[in-house]
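Asks: One-letter residues, chain by chain:
There are 2 protein chains.
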Amino acid sequence: MNSDKPTILVTNDDGITSPGIAALIHAVKPLGNIVVVAPDSPQSGMGHAITVAKPLRLDPIKLYEGVQCFQSSGTPADCVKLAVAKVLHKKPDLVVSGINHGSNSSISVIYSGTMSAAVEASIENIPAVGFSLVNYSHEADMTAASKIARHIAKLILENGLPQGTVLNVNIPDVPYEEIKGIKICRQANAKYEEEFDERTDPNGRKYYWMVGNFLNLDKGDDTDVWALKNNFVSMVPVQYDMTAHHAISILNNWKLNA
Amino acid sequence: MNSDKPTILVTNDDGITSPGIAALIHAVKPLGNIVVVAPDSPQSGMGHAITVAKPLRLDPIKLYEGVQCFQSSGTPADCVKLAVAKVLHKKPDLVVSGINHGSNSSISVIYSGTMSAAVEASIENIPAVGFSLVNYSHEADMTAASKIARHIAKLILENGLPQGTVLNVNIPDVPYEEIKGIKICRQANAKYEEEFDERTDPNGRKYYWMVGNFLNLDKGDDTDVWALKNNFVSMVPVQYDMTAHHAISILNNWKLNA
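Which chain is which? The protein sequence lines are A and B, in order. Here our numbering is used: the first residue of the first sequence is 4, the next is one more, and so on. Here our numbering is used: the first residue of the second sequence is 4, the next is one more, and so on.
Any copy, or any two copies together, can satisfy a pair, since identical chains are not distinguished.
Heads up, simulated BS3-like pairs for lysine-lysine below, C-alpha to C-alpha not over 30 Å straight-line:
| id | residue 1 | residue 2 |
| --- | --- | --- |
| 1 | 209 | 94 |
| 2 | 183 | 157 |
| 3 | 194 | 94 |
| 4 | 209 | 57 |
| 5 | 157 | 232 |
The hints are simulated quantities; they were obtained by calculation from the structure and are not laboratory data. Source: prediction; values computed, not measured.
Kindly produce the complete structure, drawing on both the sequences and the hints.
Replies: Below you can see the structure in the form of structure tokens.
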């Protein structure tokens, strides 16, 4: 390793063999010494899960030319913890997660394994960013997303990030030339309305597939959903202090104590 | 069911047979019609995971006298979605989650399955609260925690909750008489410093157990950690808008676009 160069940890939630992480490794390779620690299988929708009741595997594998790679049985958040404690033995200068196959805008940030890895890094005081391409196909063209990822990773290495802040970057599924720019946004107020597709197994027992329909409740033009719809890259600063500070004064008027 | 009474959904992350959920069912039973939809096995540390790549099971079971109960193969967040769509066919008036065996104060809110169920309800615009007792033992005395849970559930039914806000309630592990009161708090700035206990399996392959050491970085006396240490019940209003609004103006000074 070249010790003058920054150390960049790459991880994701689609698993270490996904096209998205390959694109991200390629994108950030010119910027530093790259180490990959990623899940050995897909972990979509894992939220900020960690593995406490089972032991974890962590094994070196040869996968990407000239890059140190490890696969783990753990979640994306586990991968960041393992990378710092058992692979790097120090904090990296930057953690990049993705490129996720599919959007993580709006409320999806809370369900996203991609973002959980970035948030975990931020809790550890490491600058971090999650990248997602608004296309679920593993055959999607990652050219534009890769260029954007390199540009933003470079900006973070140059500028750092505000304390306790991590970036959620979503890239619209259009050619690079059609992207109008990068827009700093807030998380749109939206939710998934679930339907459950009810089926019967060969033994006569019911089971259900979750089918989520995205429902945007937010007409603002400063949201990530608006930006993506208008061919901007959305960049939402995300924090892990989940306190609803504005609600404290309201609750203090309750008859809490006799 | 008595249609004048509110419908209260009870769930948790320790699984439907845990002593904590039994205590919570008992605590809220006088307040409404109780329906239980909870995981069929422990789901601690699941964060806001949802099940997207596998089908889900949902089966009625007879477990608690006079209470409709369903167990699911899903995560706590899945249980809330399934309860609304496939059991109640409407939104309940309140979702209570817990009583968790172990603290969910401070940064634990982000890893907590207990809180993910409550947060999911809040996304669905249902008033919700997660309860946790600061004692990991399944033999812990739940008497004080049950009294507190009933009191707070009643207050929420009477007062509602501020829009987009859910409550994270932690109860110190002391007798009821020694509890000094309920304190509205902010989430303490803290983190876990992980160590990984490295072992070798009978086949000679390494594996790791995660051991988290809690590290409080916050000297404030308005935090949940402070409250619990001083024998108060901590009540933190939590929101699912994770936007770091204060960081938007900083990032707008970056050279994002050429």
